[in-house]
Amino acid sequence: MRMRPVAGVMLRQFYLMRGSPARVLPMFAWVAIDIVLWGFITRYLGSVAGTRVNFVASLLGAVLMWDFFTRIMQGVTTAFLEDVWSRNFLNFFATPLAISEYLTGLIATSILASLVGLSVMLVLASTVFGLSFFALGLALVPFLLILFLFGIALGVLATALVLRLGPASEWMVWPLPALISPFVGVFYPLATLPAWMRAVAHALPPSYVFQDMRAIVAGRAFAVGPLIGGIVLALAQIALCTLFFVRVYRYAVRTGLLARYSAESAN
Amino acid sequence: MQNVLDASELCKSYGSLVAVDHVSFSVARGEIVGLLGPNGAGKTTIINMLLGVLAPSSGSIHIAGRDLALERARALERTNFAAVYAALPGNLTVAQNLRVFALIYAIRNAGVRVDELVREFDLERLAHTKCGVLSSGEQTRVALAKAMLNRPELLLLDEPTASLDPSAAQAMRAHIRELARVSGCGILWTSHNMYEVEQVCERVLFLSRGRILLEGDPRRLPAAHGSRTLEELFIHLAREPLDAQQARGPS
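Protein chains in written order, with our numbering: chain F, 1 to 267; chain B, 1 to 251.
The shape of chain F in the complex, shown without the other chains (with noise of 0.2 Å):
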């Protein structure tokens, strides 16, 4: 993989963010408002149920940790619709650009955006509300490695769809980690869920994170063998959602859907 070609994409993405206010504003914004709503909401909790459950660390960790996954995967599915939006694809696909060095780019530049809402999340909820990500001590590395590296699966596969089934397509790709949070057990226990959810949040890296997690604020000692089971689901998955773009890629080259994208026509 050359490294020129891979800069020249995170440039781009680089100069778009850097020209337009309304690109930078998102990467804080929401997870600004879901860190107020939920830190008052978890404030409140407890004020109601005493110190028996520590909802800051279990919901309001729960919802950062949600929101960093989130982050990651938009992180990558937005830097490929900015080529959607501006017709791009003709001349970047017609360039000796390869497949995998667009997604590097594309990963890279989601990668240091999510770092940035990381870092604001991680002061708003600490000096505010007091929540402290440390608490969870070295755990956090796993939990963290295994939302970001699924976070890349399900953007690959998003913009994998956007490919297919064209740029209206794009409003499927916006609900999809709604789609996949009552699966997860983002703020409760998988065992409250039906066993046909529980199989399939079994294939899901995020469940073994917020598995974990509430097994760490309740005091009991976290299970290392899931959370390296997450981790090499979530490569796998990686993997399989990177093929998925290259067979769709091949597809567009092959029937012409690539070509549309951006030429009037293909005749």
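Hint data in this document are derived by calculation from the structure and do not stem from the laboratory. There may be inaccurate statements among the hints.
Claimed, not checked - Short derived list, chain B residues pointing at chain F, Cβ under 8 Å:
no., residue
1, F25
2, N48
3, G52
4, L76
5, F81
6, A86
7, G90
8, L92
9, A106
10, N109
11, V118
12, A162
13, L164
14, R181
As the list claims (entries may be wrong) - Pair ranges (Cβ atoms, derived):
no., chain 1, residue 1, chain 2, residue 2, range
15, F, P167, B, G15, 19 to 25 Å
16, F, A236, B, G111, 39 to 45 Å
17, B, D67, F, T255, 49 to 55 Å
18, F, A22, B, R228, 33 to 39 Å
19, F, P167, B, E120, 44 to 50 Å
20, B, A238, F, R2, 32 to 38 Å
21, B, A73, F, R43, 52 to 58 Å
22, B, E120, F, F129, 20 to 26 Å
23, F, L45, B, A73, 31 to 37 Å
24, B, S13, F, W174, 35 to 41 Å
Unchecked claim - Calculated Cβ distances over 10 Å to all of chain F for the following chain B residues:
no., residue
25, A28
26, T44
27, P89
28, S163
29, R177
30, T229
31, I235
We put the CB at the ideal spot given by N, CA and C, even for glycine.
Guided by the hints, dock chain B onto chain F, whose structure is given.
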């Protein structure tokens, strides 16, 4: 002359619809070849196949000796294009777009090359203007500057002067002819302007219904086929295509 492009037996079908039907042609280094034909003849399909964004159903494409199907990146490193339907992203400035594409083409000293092209295409005044607000003529100049970033051996121009006024179009034609002369790159040029084709192209390919009907010198072809002008020949071919087997071949 050594060929920079060899397209052999290119076919493209969509189900039962045959868009390009066993088309073979070449472009030599420094040569400007016109690809002519009525709307729907298959010109853009051929350009898309040469750019690697549309896979041929069969046939092969070699760019500077590299098989596009097997060595896509190496073949496209030597190619570039400008088309009216592929404007550069309007939400970046001229300089930003050129820098991004310089990196995409993995050009060393990208900043130096961008500065050279900004000067060469008289874009200094527009360097920090977003491409989306440029006039058609200015956008064409930017697209051509982008197309020259990697010093291509093969340049594909799909109606490059379509949205230009006569004066700007004449200046652009002169500029492109000079580029071909100085850089030695082969150019495949599509246009509906027959005057322009006569001015610029050394050879033309007449395409109709996905097949090449005629090939030859645009200044000699009309007389050889009983027409007074290239435009008259174009209209005649578009309405009553010759038998391809009978008509093709240098006049």
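Right, here's what the structure says about each hint:
1. F25: Given a least distance of 17 Å, the restraint on B:F25 is violated.
2. N48: holds (4 Å)
3. G52: With a closest approach of 6 Å, the B:G52 hint holds.
4. L76: Check passed: Cβ of B:L76 comes within 4 Å of chain F, closer than 8 Å.
5. F81: holds (6 Å)
6. A86: With a closest approach of 4 Å, the B:A86 hint holds.
7. G90: holds (7 Å)
8. L92: holds (5 Å)
9. A106: holds (4 Å)
10. N109: Result: violated, 11 Å to nearest chain F Cβ.
11. V118: Given a least distance of 16 Å, the restraint on B:V118 is violated.
12. A162: It is violated, given that the least Cβ distance between B:A162 and chain F is near 11 Å, above 8 Å.
13. L164: Since chain F brings no Cβ nearer than about 18 Å to B:L164, farther than 8 Å, the hint is violated.
14. R181: For B:R181, the interface hint is violated, since the closest Cβ of chain F sits about 25 Å away, which is over 8 Å.
15. F:P167 / B:G15: 19 to 25 Å: holds (24 Å)
16. F:A236 / B:G111: 39 to 45 Å: holds (41 Å)
17. B:D67 / F:T255: 49 to 55 Å: Violated, at about 22 Å.
18. F:A22 / B:R228: 33 to 39 Å: The hinted range 33 to 39 Å is violated for F:A22 and B:R228, with Cβ atoms some 58 Å apart.
19. F:P167 / B:E120: 44 to 50 Å: violated (35 Å)
20. B:A238 / F:R2: 32 to 38 Å: violated (44 Å)
21. B:A73 / F:R43: 52 to 58 Å: holds (56 Å)
22. B:E120 / F:F129: 20 to 26 Å: Given range 20 to 26 Å: violated, Cβ gap about 58 Å.
23. F:L45 / B:A73: 31 to 37 Å: Violated, since F:L45 and B:A73 (Cβ atoms, about 56 Å apart) do not stay within the stated range.
24. B:S13 / F:W174: 35 to 41 Å: holds (37 Å)
25. A28: holds (22 Å)
26. T44: Nearest chain F Cβ is 5 Å from B:T44, so the label is violated.
27. P89: Since the minimum Cβ distance to chain F is about 4 Å, B:P89 lies within 10 Å and the statement is violated.
28. S163: B:S163 is indeed farther than 10 Å from all Cβ atoms of chain F, at 13 Å.
29. R177: At roughly 23 Å from the nearest Cβ of chain F, B:R177 sits farther out than 10 Å, so the non-interface label holds.
30. T229: holds (26 Å)
31. I235: At roughly 20 Å from the nearest Cβ of chain F, B:I235 sits farther out than 10 Å, so the non-interface label holds.
Violation of the numbered hints given earlier is confined to hints 1, 10, 11, 12, 13, 14, 17, 18, 19, 20, 22, 23, 26 and 27; the remaining hints are satisfied by the structure.
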